[in-house]
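Each chain is listed here by its residues.
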Amino acid sequence: MAMNLEVTEVMGRENRLGSISGYCGSLRDLSCKARCGGVKGRERCFSQDSLCNAACAQGTLSLIMDAAIVNHGPVGCAVDAIGSNFVLRTMQRLSGAPEHNIRFLSTNLRESDTVFGASEKLKETIRETWRRYEPAAIFVCSSCASAVIGEDIRAVVSDLKGEIPVPISPVSCEGFKSKVWASGFDAAFHAILTDIVKPPAKKTNVVNFINFFGSAKKEIAELFARFGVEPYFLTAGSSIEGLSRLSESIATVSICGTLGTYLGTGLEQKYGVPYVQSMRPHGIAGYEDWLRQLGSAIGKAAEVEAYIAEERPKIEDELQRLRSRLKGLRAVIGMGPGYSFNFIRVLGELGIEVVWTSAWHFDPRYDSGANVPELEFLAGGGAEDIPFTVSDQQNFEVMNVLNTLKPDIYFSRHPGTTVWALKLGYASLCVNDEYTAFGYKGIVNFGTMILDSITNRSFAELFAKRSRLPYTEWWFQQDHAHFLAEEAGSRAAASEPAAAAIGAAHE
Amino acid sequence: MSAITEAPRGNCALGGANAVFSAIDRVVPIYHAGPGCCMQTTAGEAGQAGGRSPFYVSGVSTPCTNMLEHDVVFGGVDRLRETISGALEIFEADAFFVLEGCTSGIIADDVKSVTDEFSAKGLPVYPVDCPGFLGESYRGYEIAFASLLDHVVQSAPREGDLVNLFGIMPYHDPFWEGNFEELIRILEKLGLRVNSFFTRRQGIAAIRDSSAAALNIVVSPWLLKDAAAKYEERFGVPSLRWSGLPIGATDTSAFVRAVADRLGLKDRAERVIAEEEAYVYGYLETAIGALSWKRFAVVADSNTAIGVTRFLANDYSFTPIVTIVTDPIFRPEDKERITRQLTELEHAKPPAVVFETDGWKIARELDSHSEITLLVGSTNDREYAMEKGIQCSVVAYPITDRLVFNRTYAGYRGSLTLVEDLYDNL
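Chains as they are written, first to last, in my numbering: chain A, 1255 to 1761; chain B, 5 to 430.
If you are wondering where the hints come from, they were derived from the structure by calculation, not from laboratory data.
Some clues are possibly wrong.
[Claimed, not checked] Straight-line C-alpha distance at most 20 Å; calculated SDA-like pairs for lysine to any residue:
| id | chain 1 | residue 1 | chain 2 | residue 2 |
| --- | --- | --- | --- | --- |
| 1 | A | Lys1719 | B | Ala258 |
| 2 | B | Lys392 | A | Tyr1387 |
| 3 | B | Lys270 | B | Ala258 |
| 4 | A | Lys1677 | B | Phe409 |
| 5 | A | Lys1719 | B | Lys365 |
| 6 | B | Lys392 | A | Gln1346 |
| 7 | A | Lys1472 | A | Lys1695 |
| 8 | A | Lys1677 | B | Glu96 |
| 9 | B | Lys365 | A | Ala1351 |
| 10 | B | Lys365 | A | Arg1385 |
| 11 | A | Lys1677 | B | Arg205 |
| 12 | A | Lys1719 | B | Phe59 |
| 13 | A | Lys1568 | A | Thr1702 |
| 14 | B | Lys365 | A | Lys1568 |
| 15 | B | Lys365 | A | Glu1382 |
| 16 | B | Lys365 | A | Arg1347 |
| 17 | A | Lys1677 | B | Arg56 |
| 18 | B | Lys392 | A | Lys1695 |
| 19 | A | Lys1719 | B | Lys270 |
| 20 | B | Lys365 | A | Arg1381 |
| 21 | A | Lys1554 | A | Ile1569 |
| 22 | A | Lys1581 | A | Glu1564 |
| 23 | A | Lys1719 | B | Arg205 |
| 24 | A | Lys1377 | B | Lys365 |
| 25 | A | Lys1581 | A | Lys1471 |
| 26 | B | Lys392 | A | Glu1353 |
| 27 | A | Lys1719 | B | Lys392 |
| 28 | A | Lys1677 | B | Phe59 |
| 29 | B | Lys392 | A | Arg1347 |
| 30 | A | Lys1377 | B | Lys392 |
| 31 | A | Lys1677 | B | Arg30 |
| 32 | B | Lys365 | A | Glu1388 |
| 33 | B | Lys392 | A | Ala1351 |
| 34 | B | Lys365 | A | Lys1660 |
| 35 | B | Lys392 | A | Asp1662 |
| 36 | B | Lys365 | A | Arg1386 |
| 37 | B | Lys392 | A | Arg1386 |
| 38 | A | Lys1677 | B | Lys392 |
| 39 | A | Lys1471 | A | Ser1349 |
As the structure is a computational prediction, the values presented were derived from the model and not from experiment.
Same shape as in the complex, but just chain B (with noise of 0.2 Å):
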């Protein structure tokens, strides 16, 4: 029996999977599910994340066959058929997903017999099969992506030089656009070329031939684990997971030397690094005392909670009371690689690791230790530091009192951005 969840830190499936094809350039994801689904999952996940709304086709603008009781009964293919017919007529685009929602999971509408009859005709319209039930938002992000290899990705010639970089996913992490533009950033500077698949207006094209990358980058403890193994099976394209975003000085460069080992750009790496680190280090050193020590909470998804975690413990000597990863981790080695990311820290005690999706039982974690001082996390836990009167900085989904849109705390220019924004929430 899945968990009573108060207060959800993310969507269904289907918003996950939405939140992915909405974020690809002239994609047009296509609804086939209730009508209240397609502004829920847009709401839910772009709208939630940081006020914003996804730039293509999003919202009132995706085709959606808004399926009644009538389609219940009788089922909703040819309603469906109509709907794709029309969406191929009034858009402009380079793909088209049909997204299937509950009801028609239920009731078990053939989505795949509609889609092929045009598929057939060779245009390009792709099922997935992403029911909300099936989860949360990070199970529509796998289902997305497994859909992606199997309809778009095709083999191409190896480039030496091109890498793709997954793990951080559109809108549900509200930093997305920021936190891969700064990571390309770095990871150009070592003379690589990035697939994110997302930024940029990158497109079908980018993911139809990511089979010729070198090196698949998972930046994320647990997800993905099936798109890269099939990568690596069907493509030969090894994969680096790491595990957490890489914030500040220390992460970020052990994030570099990782990558420049599997590629073989040791020299070129360091240069980078010495260059990254002292750009960091000259402002740092203008602002020393400026914040004053903190014994902190982080309630955070898990790469938000293992990168602001191990920043603000190893490279900030703040003091990790308790850290709170809401992702729904159900394999229990990921979970052991996620606490093993928050425990072990080179310089500080370990914090307290705690997996929990409900808002209620985060309160009543957070009560269990009185020494807080800072509370990073949503805006869901704004409640919990008023109440105490705690410094709260708001970092992780959901996210509705700030807009962002370029914002980032990765690599080493995100983490001074942290240290900014924790400024300014004194």
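Next up, chain A with everything else stripped away, as it sits in the complex (with noise of 0.2 Å):
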């Protein structure tokens, strides 16, 4: 199914691609659902903190190294400058690039301007960031208080075209258009391939490669060199220029299949430039999988047996060491959905047994209409069949979960859901780096990683024995999906399947 790339703004996952943010059964049933077209999403009843669209969009497009960012909103929507500013600092010291703070304004609206409109302040905003850093690029992002009050973000830009010479990019990121905040991803990236990216003058030997933070760069620059081809991370380290350029590349791939469905998707339809839908290089399954389909699309299909063929022994007696350490060890996960799959898969390899995945949405496809190629694999035979839910990172279920099926380890890739995990005395890793299990020599790092993790838990527990949960006793006692309503608004009873499921995993 082709997208509509010709539209102003890109709609939501949800209106796109069918995305959820609740559910609860199992991995086969999900992937069943998925397969026919059935999934439906359930509303909760109540909700905690989930996260917003725009925070996914302007952590994308302000680690471009010389665009600039204007949020058009009050000055709290602009307040992830700081984070992001840190990280961008971080990545160009390790770069060894010169270091300087993140260019990101904010129009800083205030009660008046949701009154009497405020686009002379964004008009005045977007050139005194022109003025301030002659930038190669200006991404204009949208907020819930300019969306609510109408602005009308692309006439300022239209506006201000013959002005300013370079491409000035209106981003639809308002908090409210979504519940899947991976929607900020497909916003940010519609800006860079509407605005930036430009028609092919020649073809390259580069492979787009779309990533976070990009830890593993180096290694990937010296695996790439054996087939002759060269990445370009984007977007954290890149470059306007260099985003423009996306269209003469060989391929495109993406640590996440979240994260890349709109851009892979989109160049590969607008440029022919193909785009690498395999399972993710996470372990040994997902890496060979990635290296095979990605040595297809560049023509080095003998090149990449090879390799494997070459490494992939070298690790077989410490995978076999650590499988044996940590057989029989129950996990819990509670990530995003491309790395909650990946990691079912991952940890499967480890001899590690998951017993509950929590992932924070769910696309029942992607933007090319293929199905979740990890999902795929699980269910056809990949995994045992496990309870899983979709929930927007709702951290009271997540604990209920937990103290439910007192796992001996819990995996997330947010910090946040760590903390709380801790506090109920139970080992947590973090996977933070995008890159953790990365290949061969990843999934032996991540083996020992986890292998630590669960043989000192010292924190954990000491902490535990002192923290106060704000939780009742009451919570603990119900089931995980009590708030989960059949349809919005409507509290619905336990739901007996999840129950049954939960009930299973626990016996």
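From these two lone chains plus the hints, build me the complex, please.
Have a look at this one:
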């Protein structure tokens, strides 16, 4: 199914991909429903804090080295600039580039602006951004406040086009637009695809590499050199000039299916750059599938086979040793959907039993129309069936499940939830680095890290004895899906399949 | 028209209010706001002020209506009602404060009528009107105090040895706990009992009975003017405003004398001062000459800017060149009070005093003072110090490159830590 790239703004994932943020059942059931188009999201009648797509959009765009961001909103919507600044400067330091602060301005909307409008102020802020930094591009992000009062960012941007000689790109990422915060990645990549990427002048041997922070850049450059191609990492550390040439590349890969779907598919559709839609390169099966599919996209299938034959045996002994020590451990996972599926598989390869997984949302298919390959693999026999829920990081549900299942370890990708698992006394590992368990060496390092975290659990144990949890006893006695309604607004009783699945996992 | 702001040194009003409520033990903030507001504001205050995450309920554990398009169109009060009911079921807490974000503020959801339904049943659920567009973090801090006064504080019989210590904003001041702890330590040596509301897990009971205090001490040159007036008017609690964080022997002893004066504790104060000054100078004399003299600039919130400038100039013989106050001060009389504190120095030629919140303009201001050899500021200001090759000490919000638990630069002991940290940063 073709994407509609001619739209001025990209729809949220609920409407575009049928993504959901409420589900309770099992891995196989989810896969089965996704395949036959029957995944219906369930609403919660009580929820804890989620996240908005602006954070993902701004986080993606603000790490382009020579661009600037304008947020059209109250000053609080630009406060993620402080955190991004830390990431940006760390990246500059590591790459030896000159360190400079992030270029991120806020229109600082106030009460009177919400009444009288603030288009002039936005215009002035964009002009001021240009005067101060002459950035290679300016991304203008919306907020709930500017969107509710109906600010026409596009009109302002088009007024300024003759005046400012670099791309000015509107990004529709107001928080209320989507419950799925990953929609913000799509908004950012839509801006890049529409306003930055140019038609190819030539073809290169570059592979576009969509990732988050890029900790494994050096290792990947070395790996790719064996196959005669070069990676171009984005967006962190990229430049507007580099992004403008994404259309010339030989292929696109993404470290995360959730992250890369829009840009990868868009580049394929618009410019014929093949998007490698394998499992992600975490653990052995994922790494080899990724390498093989990349190899076939760039015409290096034989070289890839030679590499696999040479490298894989090197870790066999170490992996066996780790498996024997990790065998029998029971784990709970709470991550974004891309990483959830990949890490169920990776933990399986290490001999660890995953007893429950929560994904922060679920895309039944990607922009290309393809099913999620990792889920297909797991449901097709790559893993035992396991209880699976979809929740937008609902901490109280995770706490309830941890308390019921009492796993040996909890894996997250967001430190906020790790803290809470520690408070309950569980060993927790936050998979912050997107290249955790990347390839052969990565899975050995990851296994070692897990072994370390469960060997010395002093912090969690000492901490749990002294920490006070805000949750009531009542809540810990409920089914974790207690607040998950069949339809919005009605409070359903505990869902029976969920209770059964959890019960089975507990026995 | 409010100013365009680059590299904001604060959050929105919602963020400021949340910083207050999430710092009170056994209190649950409930967001009636967009899905990203809570993460942004929690990271924006606690997270970016020394890498913290508030302790009882915060961030991912905060109940939130996560308002979407449907709520924008049809209103979000039903969703809010459900969210409050759920929060009452799953949390152990002494009070629940419903914090309004921009979306519900603009579409004008009647939050109070919903919280009234709960309070009518005797449940401690209160509304806080703090949409982000009302202002910066400090505005939220003031709104939160107004809300505590409206809903929690009750009259109580006067207790002559009890004081309330206000003006140090939780989380937004990255050193708030340490600053409270040091000032409380000193006040307790005077024989006083101290309410901070936020430290030592004081919580709702301390706030309820805070009207019993003999004195409100407001350590800030501009904050809580209305709250102080309300305490006086409703409960007869007078205030002492102390403009700037007291750092070092000179200012801290003056602070102790001012408090003692108001409460009739003069003799005891002199004993405390003698003991504490001996303690400070006992250390200083063991490291004389450890730091060469510096010509310094300060870029910080008003409390820190005043405290650091005065200590380094008055007590430590450094030369102040320029002090840039990053708070959004809007009342002319507050600007005057701050300028006075920064320029009436006993021992040094006063620095230039500038009020500016925009990151780029701050850098241009620093450019106009070529002789600076030490920059005391925030993580944002490292860029400038690196470019110019001058020493930089990070002591003010935002701080993303240090972890801060109970470190303080306040009072007697804090001044020693400040000197230690300057040495660490050579």
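Results for each hint:
1. A:Lys1719 - B:Ala258: violated, 44 Å
2. B:Lys392 - A:Tyr1387: holds, 18 Å
3. B:Lys270 - B:Ala258: holds, 12 Å
4. A:Lys1677 - B:Phe409: With Cα atoms ~18 Å apart, Lys1677 (chain A) and Phe409 (chain B) stay inside 20 Å; holds.
5. A:Lys1719 - B:Lys365: Violated: Lys1719 (chain A) and Lys365 (chain B) sit about 50 Å apart, past 20 Å.
6. B:Lys392 - A:Gln1346: With Cα atoms ~18 Å apart, Lys392 (chain B) and Gln1346 (chain A) stay inside 20 Å; holds.
7. A:Lys1472 - A:Lys1695: With a Cα-Cα distance of about 14 Å, the restraint between Lys1472 (chain A) and Lys1695 (chain A) holds, given a limit of 20 Å.
8. A:Lys1677 - B:Glu96: holds, 16 Å
9. B:Lys365 - A:Ala1351: At roughly 24 Å apart (the allowed maximum being 20 Å), Ala1351 (chain A) and Lys365 (chain B) break the hint.
10. B:Lys365 - A:Arg1385: Holds, at about 12 Å.
11. A:Lys1677 - B:Arg205: Holds, at about 18 Å.
12. A:Lys1719 - B:Phe59: holds, 15 Å
13. A:Lys1568 - A:Thr1702: holds, 16 Å
14. B:Lys365 - A:Lys1568: violated, 57 Å
15. B:Lys365 - A:Glu1382: Within the cut-off at roughly 12 Å; holds.
16. B:Lys365 - A:Arg1347: violated, 25 Å
17. A:Lys1677 - B:Arg56: holds, 15 Å
18. B:Lys392 - A:Lys1695: Status violated; Cα separation ~42 Å.
19. A:Lys1719 - B:Lys270: Violated: Lys1719 (chain A) and Lys270 (chain B) sit about 45 Å apart, past 20 Å.
20. B:Lys365 - A:Arg1381: holds, 15 Å
21. A:Lys1554 - A:Ile1569: Given pair Lys1554 (chain A), Ile1569 (chain A) is violated - Cα atoms ~23 Å apart, limit 20 Å.
22. A:Lys1581 - A:Glu1564: violated, 27 Å
23. A:Lys1719 - B:Arg205: holds, 18 Å
24. A:Lys1377 - B:Lys365: Since the Cα atoms of Lys1377 (chain A) and Lys365 (chain B) sit roughly 19 Å apart, the hinted pair holds (cutoff 20 Å).
25. A:Lys1581 - A:Lys1471: Violated. Lys1581 (chain A) to Lys1471 (chain A) sits at ~32 Å, over the 20 Å cutoff.
26. B:Lys392 - A:Glu1353: At roughly 12 Å apart (the allowed maximum being 20 Å), Glu1353 (chain A) and Lys392 (chain B) satisfy the hint.
27. A:Lys1719 - B:Lys392: Distance of about 49 Å is beyond 20 Å: violated.
28. A:Lys1677 - B:Phe59: holds, 11 Å
29. B:Lys392 - A:Arg1347: holds, 17 Å
30. A:Lys1377 - B:Lys392: The hint is violated at about 32 Å.
31. A:Lys1677 - B:Arg30: Holds, at about 16 Å.
32. B:Lys365 - A:Glu1388: Cα-Cα ~16 Å, so holds.
33. B:Lys392 - A:Ala1351: holds, 17 Å
34. B:Lys365 - A:Lys1660: With a Cα-Cα distance of about 54 Å, the restraint between Lys365 (chain B) and Lys1660 (chain A) is violated, given a limit of 20 Å.
35. B:Lys392 - A:Asp1662: Violated, at roughly 51 Å.
36. B:Lys365 - A:Arg1386: Status holds; Cα separation ~10 Å.
37. B:Lys392 - A:Arg1386: Roughly 19 Å separates the two Cα atoms, so the pair holds.
38. A:Lys1677 - B:Lys392: violated, 44 Å
39. A:Lys1471 - A:Ser1349: holds, 10 Å
Of the numbered hints given earlier, the model fails hints 1, 5, 9, 14, 16, 18, 19, 21, 22, 25, 27, 30, 34, 35 and 38; all others are met.
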